[in-house]
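Chains as they are written, first to last, in the working numbering: chain A, 2 to 370; chain B, 1272 to 1631.
Everything labelled a hint here was simulated from the structure, so no lab data went into it.
Glycine included, every Cβ here is placed at the ideal spot set by N, Cα and C.
A hint or two may mislead.
What the hints assert, rightly or not - Computed cross-link-like contacts, DMTMM-like style, restricted to lysine to aspartate or glutamate with a CA-CA straight-line distance of at most 25 Å:
#1 1294(B) - 274(A)
#2 1377(B) - 252(A)
#3 255(A) - 1389(B)
#4 1475(B) - 1485(B)
#5 255(A) - 1381(B)
Said to hold, decoys possible - Label pairs and their in silico Cβ distance ranges:
#6 1275(B) - 135(A): 16 to 22 Å
#7 1380(B) - 131(A): 38 to 44 Å
#8 1344(B) - 321(A): 42 to 48 Å
#9 1543(B) - 127(A): 52 to 58 Å
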Amino acid sequence: MNKLNNSQGLNIPENYLVTPAYVFFLIHSMQVGVGILGFEKYLVEKAGFDAWISILIAGGILHVILWMIYRLLQNGGGDIVEIHKSIFGKYLGGFLSLLFCAYFTLLAFTVLITFIEVIKVWVFPGMHVWVFAFVLLFLVYYLVSGGFRVITGICLISVIIGLPILLLKYFPVEAGHTMNIYPAVSHSIPGILGATKQSILSFLGLEFLLIYYPFIKNPQKSKKWAHYGVFYTTMIYLISVLVTFVYYSEEQLKQVVWGTISAWKIVEFPFIERFEFVGIAMWLYVVLPNICLGLWGATRIPKRVFNVKQKYMVIIFCIAIYFPTVLIDGRPMIDVVNNLSGQLGMYVLMYIPVLLVLKTISDKVRKRT
Amino acid sequence: MKKHWSLLIMVSVVFLAGCMADKSVEENAIVQIVGYDVGEEERIRGTVSIPQYGKSEDKQAASELYLTVDADSTKDVEVEIQKQSSKPISIGKLAVTLYSKELAEKGLDDNVDVLSRDPRLSRNMFLGVVDGSAKDLIESGYTQDETTSKHLQGLIENNTLHNFPSTSLHDFLYAYYAQGMDPFLPLLKKRESFVELSGLAFFKKGLLVAEVPDSKIFTFKMLKENFIKGMQDLPFEGGTLMLENIGSNVDYSLTGPLDDPKFTIKVKLKAEVNEMAGVDRKATPKLAKEMEEKFVEYFNKEADELISLFKEKKVDPLGLGNFTKTRKGNFDLTQWQDNYSELDVDVQFDVKIIEYGIFS
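Assemble the whole structure, with the sequences as input and the hints as a guide.
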């Protein structure tokens, strides 16, 4: 079962690499997670029905950040750990890398508890979290210990399974009021930028490229696929937002916690009256790569810093997020965790340009000496 | 060997799902209709009907069990009903919720909150206001083969395809929460042996403030949405004309500044006249022209009456405020509401009679 490669450093054997096109799925499936189920509410609170502009701005910003990440990695000689080491030295660099590890773990944890909350509110109010979390984390352990290629496979499956759910958008549009999206911009620039910040939170996930970059074969060729991935995510978010804007009135959407799931409620077929159950069940496959890749990224960093076996790290990390998952309960606490990981994600995204500047300076200095 | 262990655990997890407690239809009290009345001492009287699915073979008439309770709140009704029921109550199939007019006049805000909060309820559920007591309406069976809930659900659903505008729970909540838009619900009335849709009830937030009889609903629906089907009669030269809608299209447009807006509502109606009782004339283009003029005059009058009623009661079921909000950036709700009663709304009908049936 131990497919986690044991190679030290970054000379990863070819049989562990993935082709450049898979970066599209890796980027996209990591970005789309639980956020899309209810992010409309936060956008509307800031910018009303003009929030679609914010999505486009956020998408644009993400393209720029993606470009920066590639610039960083191109001549960085590997992943974020390597870059940190070359800029900050062994100890400070290692510490910063561990911060990334903490952030990736938090991201996986956030996705896990938010999805469990969705199941508890919508499907099984009396569900025993400890059982479900155990089964799910066992599955995650199984997949993560399968190695990076298995995770890539899960990302691919998740994108494909997520596709038919998009067709459901037809029903709310049919029942909706299209005049709501008449583009009369009524919100000030600060409002729209505030919503941009909110929507960037749902775009988090492409920073994992910093850690799985060495696993891409011909990484230069993956550039365009990564950009396609971000573009595809932007389009899906844009469609989701426009559909909820058509379906709900502005004040109503502010009260709806999970805009997308509530919109699934309108879908009724003779053989299934509550389509949101099917949607939520299928969403597990959309959420799964988030947790897997999150934990994989989080465990890869200690491996690179301390040279420990990643397999043991996966077990430790699974146990470490299992207990808080069981203990955390209720909307307020989950909101706190969500806000925290959002904040941290924001800092990580802001840290990337800084890192790029530092890297350029240090390269120049080194060249001179 | 390691692999086998994981496989074994995975497989057993999959099969464990089969250990989930199952529920059969006969062992559940599936509530499909619930009605609320004003009870004694500021309480709510809730009535539910539960279809009884027997295990016996004989296919007799659909039988129902009616339970009525007094409770402190909408959710408390469920609790109280559970006390009287031998089976667990399940409200996931709730299809119709009725409120007595008395209750609606006191306000439905608490109820709306419950409806929008509960994930088990369908968004396609119908709401209705009962002219009289909701309890009486539910408890008198109407047909032999259908349960009351199925009957009422069919009644409302069928009519929304014709003269009645669509009024599902989602439509109600949409208008309830929207700025510059007010909800409306169908009004049901119990006659001796049947129920009829007798009109529309208009709400200001959760409060019933105005009613319109069913004769005006065709005009209202034309102002509200695009639709096909629906009929309207009109006296004409001593006889009666029956006009059947085969496609009506409504278009709002807004001109003028925000503090003095001017609305133009253009309705284009393509119609077929399929009854000309007592009209002794050949169907000629000249007659069609006269009939069209007559209908335009009639619809204009009706629409003006409706809009002045809305202005007088300060309700906005057409969502003119909501429309303004989407078009003008700096929409101010209080200013809009202050100006609403003096709003300039111009309704223009354009009726085209294009067919006369298969006999001339």
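Handout entry: Numbers of the earlier hints that this structure fails to satisfy, in rising order
Key = none
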